[in-house]
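*Asks:* What follows is each chain in one-letter form.
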Amino acid sequence: MSDPGGPGRNGSGAGGNGSGPDGVSRRLHELSERVSAARSETESRGETFYPGPSRAQLAAFPPRERWDDWVELDSKAWPERRERRYMLVPTTCFNCESACGLLAYVDRDTLQVRKFEGNPEHPGSRGRNCAKGPATLNQIVDPDRVLYPLKRAGERGEGKWVRVSWEEALNDIATRIRTAIDEGRQREVMYHVGRPGEDGFTERLLAAWGVDGHNSHTNICSSSARAGYQFWLGMDRPSPDHARADVILLVSSHLEAGHYFNPHAQRILDGVKKGARLIVFDTRLSNTATHADHWLPTQPGSEAAVLLAIANHLIATGAWDRDFVRRWFNWEEYLAAEKPNLPRTFESFEAVLRELYEACTFEWAAEESGVDAEQIREVAELVARAGSRLSTHNWRSAASGNEGGWQVARTLFFLNALTGSVATPGGTYPSTWNKFIPKPIRMPRHPEHWNELTWPEEYPLAMYEVSFLLPHLLREGRGKLDVYFTRVYNPVWTNPDGFAWIEALTDEEKVGLHVALTPTWNESAYFADYVLPMGHGPERHDLHSYETHDGQWIGFRQPVLRSARERLGERVADTRHTNPGEVWEENEFWLDLSWRIDPDGSRGIREFVESKENPGQRLTVDEYYAWMFEHSVPGLPEAAAAEGLSPLDYMRRYGAFEVARDIGPLHERPVPAEELEDAREDEFGRIYTRAPASAAVNLAPMGAPDSDPEGRRPVGVRVEDTIRRGFPTPSGKLEFYSPTLVRWGWPEYAVPAYIRSHVHPAAMEPDQMCLISTFRLPVQIHTRSANSKWLDEIAHTNPLWLHPSDAARKGVKTGDLVRVETEIGHFVLKAWVTEGIKPGVVACSHHMGRWKLADAGASGPNGGEPGTAGRGERERVAGQRQLMATVSLSGKDGDWKLSRKQGAAPYETDDPDTSRIWWTDVGVHQNLTFPVHPDPVSGMHCWHQAVRVVKASRRDRHGDIHVDTERSHEVYRRWLDKTRGARRHSPDGTRRPHWLIRPVRPVRTAYDLPEPQGSKSPDPDSGNTDSDAT
Amino acid sequence: MELFRALGALLDGPCGENRLIGHLLELGPVPDEPTHNDLFLFQLYPYASAFLGTDGHMGGEARDRVAGFWRALGTTPPEDPDHLRALLGGYAWLVEAQQSGNGKTAQACHDARHAFLWEHLLSWVLPFLTKLRQIAPPFYREWADTLEALLFGESARLGPPTRRPLALREAKPVPDPRRTDGDSFFNALLSPVRSGLVLTRADLARAARDLGLGLRVGERAYILRCMMSQGPRATLDWLACEARDWTRLHDRGGTTAPEVADFWTQRATATGRLLGDLSADIDSDTTANISADLSADAHNG
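Residue numbers (the working numbering), protein chains in the order written: chain A, 342 to 1371; chain B, 1059 to 1359.
Simulated from the structure, these hints should not be mistaken for lab results.
Values in this document were obtained by computation on a predicted structure and should not be read as measured data.
We put the beta carbon where it would ideally sit given N, CA and C, even for glycine.
Among the hints, a few may not be true.
[As the list claims (entries may be wrong)] Computed far set for chain B versus chain A, every beta-carbon distance over 12 Å:
#1 Arg1063
#2 Asp1090
#3 Arg1215
#4 Thr1220
#5 Arg1237
#6 Ala1319
[What the hints assert, rightly or not] Cut-off 20 Å, straight-line C-alpha distance, at most; resulting in silico cross-link-like pairs (EDC-like, lysine to aspartate or glutamate):
#7 Lys615(A) to Asp1335(B)
#8 Lys1230(B) to Asp1113(B)
#9 Lys417(A) to Glu1277(B)
#10 Lys614(A) to Glu1137(B)
#11 Lys456(A) to Asp1262(A)
#12 Lys821(A) to Glu850(A)
#13 Lys1292(A) to Glu1134(A)
#14 Lys1233(A) to Glu708(A)
#15 Lys1154(A) to Asp1305(A)
Next comes chain B alone, as it looks inside the complex:
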């Protein structure tokens, strides 16, 4: 189980101690601190809540769920309980508690370990790793491969969940903006559990560049609004294309963890369908009004 803890520690960045861990795990040249910072502070946030929360933000109910898990076990939650480092360290701790416990305690720890694996790790980590492999240098790609193999090994060892993880069961899909407001739509698009998409700042910069749109600096929802204001159809088409890509990416995990991969695949598919409809409908009065509404706040900035 030391491997879980060691992989978690590497999320802290390339400090002296972690260089040794990286070396032991043969992950290749350790990236410098700016690279690490750009990856995990600006692009891909290693927090469960950033993937499972209703609007893609950190904290909130998604974080409380993890903290509540520890409280239910009678322990104090760690700081930032949904940070992947804390989750991996916590999982290692659970396994060790199971191994050192006897009878009832060991069984309770086993049950907790099974629940934790599915509810708080496999529920979101696979799309996180998929995205990481797309944007990270070799060191973190190797890291992602190792972690994924480790998680799959655990899922095979412990068996499937009786039900889909709670966060997935309760996540609502992206709402149709023709029947709701712009904020809800953009926030849902940026919430991976709702849209099935993982959109980083770099992705949006790439989109602006590819589509010839101006890139405004700000939070991701703001960037999206600005793009919509400049090229609504192009933006919707680009997003739909992203959704299709994510459908394929999620589907690849279907053989090893179908209990969650199916969910993510369906989400990305549904989002892609909605975006396609919106794009096709862009000239209709309804959608044109919505498009104006969606981009309205951008002009106020």
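Looking at chain A on its own, in the form it has when it is part of the complex:
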């Protein structure tokens, strides 16, 4: 008795049971039988007959035909009944990557946004939002936001600013970039992105400049998990079908945070309501763990051991999908390479597989993880029963905390691969199949050079740029930056080793010009030369698509006031005209900047941003999106025409479009005969063809396996007697065995394995504990919610989670100050004694400890008037006052100190709520005290820290931070020694396997390793020189 209100599981019709022979009864019985038969037939095809249970609840949304003129009573006017007329304009949330749909309620009388609610037309979020969505309103009316372009007036970091025009800023920046390009210094231009905007927009733009300068935050976020998936699938994310699963296994806290939290959380709950069992791995009792049927509080870093024990159970008991494994694992390649003496039969492989994992017993996993063996067995049996309805997810969590964390994702997906729950209803899909990126109006060429500051040769397998190493690479003289953009990114605060970032950003020899593109003040912007105001979610254009379920959709972020005015008949050619102050959107900014970089078109850049409709003029965002929606989104023109709209108007009106649903197992699709021109098959069944590839409809990134030696492209893989599309891996199959890892220096990791973490108890001193620092608070937004009052009131500090047994041992109680000592320094904060954390482990949340400089207020939050350096609102410190402490900062010879001078406090503005701020403590900036820990394979920063926790001394003050950056550089060098670089291990003289996903992929020749300085060829016998690449 589990689901009284939802569609039933039993299709046995009983409509006419016991009814009399009269005509009505017969008729009802006949109808009932007819529906039953149709339902059985539909469900036998694996399709859904009854739509999901959510539709009835969503009936509360204003129907879309009334979005032009929607009337509500003004809740603030109560008890007076004052009507407000709204235009409902869709956009998407910018406050995490999920990009859930939002509806802006634009007051038709004032043309101001009054509130944000969910957009029921959005296929991913389905009208639902977390707290961060509606809090967008706080962001757009934030009294401390940056409204005008600002230019540094004193020394960098001194805190003096002057307002400048966009014209001046654009011309200055464009001139520098143009000069760098003309002088062949493309490597000195870099764009560093935090919260991604439009899929591929800036990557394409940089490529058009000929610049391999894209730098993402991925290596402090998700690259280890991506690596685990990429080695298996050739695609780097999972797309779990939680809603149809029987068992949901999360190495994450997806009911409260993560990508793609809200869309996934609602589908997890859909699944649970239908009877799915929820298993959660988390050292910490997260909100997600509280909802689990099985919570496994694993020792940090031991997750892969538990997952392998489950895999061993599946293999040993035969509870695996033998046929799927036989058809889709690259077991023949494995036997050929690793067991050449065995007959190349599946039976041989089965025997080897059993041997490979037989040591991974429940007892062994229990010893590693601290989780009871019996509980692991129960979970394993649940997984075994799930069959093809096992949905799993890992994104950051354990993968991003630990050295070898990429094996967490790899061993997790191993369970899907063993159970055949790959691209099945209720299983786990590859991300790319559930994502749609339309082709844009213009595609650029590939850059011709390689940027060693983002892709150093020590990390040939890094999943995305090793962004967080930049200060150290600059310090080692590996290059310098002439123009460095931080774009909605705050590396000083977000990255580990923030003081090293300050050292780099204040050294004009290393960073010639720092341009911060940001909606709000942040810790990195203080060290910029330009601070350029960019819009929040409802003030900008972006197009995106994320793998929220087995479907494909696009979501359209748009400046809602611009769209509203256009709906009223106005023509708006520049988003600045409808945004507050002179806040701009990035797409127009980049188009304009590109136009200026190449004023005469001689560099080939201008043509990339030139209008097709009006040659000689710059491309507008309207033309850009109109072309894309008209030409590149299947079904959209027809859907729009059915409503008498253009595709662009359709997207402006509804904000999202479902391109396809129920994508299914694309790997099983047969390759049509016409694609098999002069085909060749290798010894493992990989098929290559000379038939040209058809033009890509969907640009979602995936692996690009190499052609055969004669230049045929890979097109499929033989599975039994049929050539099927397969996976975008070199073998075309699921790569249980990774030749890539073997060939590039990691043969011990050829198959899914367990790597002991750098915070394994055996790797720590007896008085050290593991600090978990990555978990997020459900209501905060990295560094853009410091003035989101609704969110700040809920969550504004980050105490240290400490188990009662540890607290008793240290004589600490809740509220006491403790000092947490890392390898390079320490921070001081309050303790929170809780049983929600495993003994021997401490935890401190992300988001908190924001700060503003006490002496950064010389010119106020929006600088002085144009041309009047320093004469702004002098009483104000630039920064956000609701969640940023005011601090003093000092550093000399690498010895850095940060002390809190004042916490949050009430203040007077037009908003009476600012005078009601009741909290002072805004937490501590722990990341400053973390050295970099680049994983030697994935390049991911391994966030977990081995720390000592001691009671604070009398001299310690809450929020105190002390760091020695000389020691942080030593730690960097120590981790660099773990690498196996391309110089020594590349099998073909290239920097990186060409087939791996890489943003802004340069031309093929740029992959070739350059001659090392001072020698003509690499010397493989000269010892491990991987780390000495300077």
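Fit chain B to the supplied structure of chain A, relying on the hints for placement.
*Replies:* Chain B in isolation, oriented as in the chain A frame:
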């Protein structure tokens, strides 16, 4: 029992899957989404609480009763437990549980099914269907006929209840505004279980048009207040006329489900009598004062 579930699913609107169901049930051309939205989001709310609640609003004790039913059976209530889709799906589930159970379980499920039919479906669905047939396009009229036939079949199969459903037993009639306040009076008028009337926004718009009164946009109680402020006697007479119509409409169901139809008939009759008295008394000082009181808030708007 699949028919209960299929009819419930159609309340979700004309999405792709439901078009197939509509086709299978031969209900005729499927209305477009705006028509569906107007019917079930703006006019006639398919929630038990909107019919059985004390003030015609969704939620509250009337919804809790349905949720409590499921809890008593040891199951988690569905979201929006009193939405008709959830009720029909739940009923189908109960029948299937009865059929797949044995001995005691089957008997318990039978008892639960009987109670659910009378307490949570027949207690309010017949007036809902009556109103739907008045205002809906052919597709939903056919839908209403099919559901009604199905419910009558179930009532015949399971037999009458031993007592009137709880929601009907406990529902108080519309209070006399001469002895209470205006809010209570209007809220009760808009609560079908209290007044016996089902008044939609469209009904009130029709009344304003027929009576030559201005129509103010707002919630239904507010619209009624505004009408009272402009034409108290005309408004009361119109409401009394509606009550008489509803007396006849309820009475028509008396032969097939007298246990509930009698109640609804009596309610509408009593309300019509009260409204008639108020209209007749409109010139008396007492009622004139009340009329002013009833319309007072409208002027504040």
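*Asks:* Now tell me if each hint is right for this structure.
*Replies:* Hint check:
1. Arg1063: 6 Å, violated
2. Asp1090: 9 Å, violated
3. Arg1215: 6 Å, violated
4. Thr1220: At roughly 21 Å from the nearest Cβ of chain A, Thr1220(B) sits farther out than 12 Å, so the non-interface label holds.
5. Arg1237: 24 Å, holds
6. Ala1319: 19 Å, holds
7. Lys615(A) to Asp1335(B): 54 Å, violated
8. Lys1230(B) to Asp1113(B): 11 Å, holds
9. Lys417(A) to Glu1277(B): Judged against 20 Å, a Cα distance of about 17 Å means the pair holds.
10. Lys614(A) to Glu1137(B): Measuring from Cα to Cα gives roughly 10 Å; hence the hint holds.
11. Lys456(A) to Asp1262(A): 29 Å, violated
12. Lys821(A) to Glu850(A): The hint holds at about 7 Å.
13. Lys1292(A) to Glu1134(A): 28 Å, violated
14. Lys1233(A) to Glu708(A): 46 Å, violated
15. Lys1154(A) to Asp1305(A): 29 Å, violated
In terms of the numbered hints stated before, the structure departs from hints 1, 2, 3, 7, 11, 13, 14 and 15, listed from lowest to highest.
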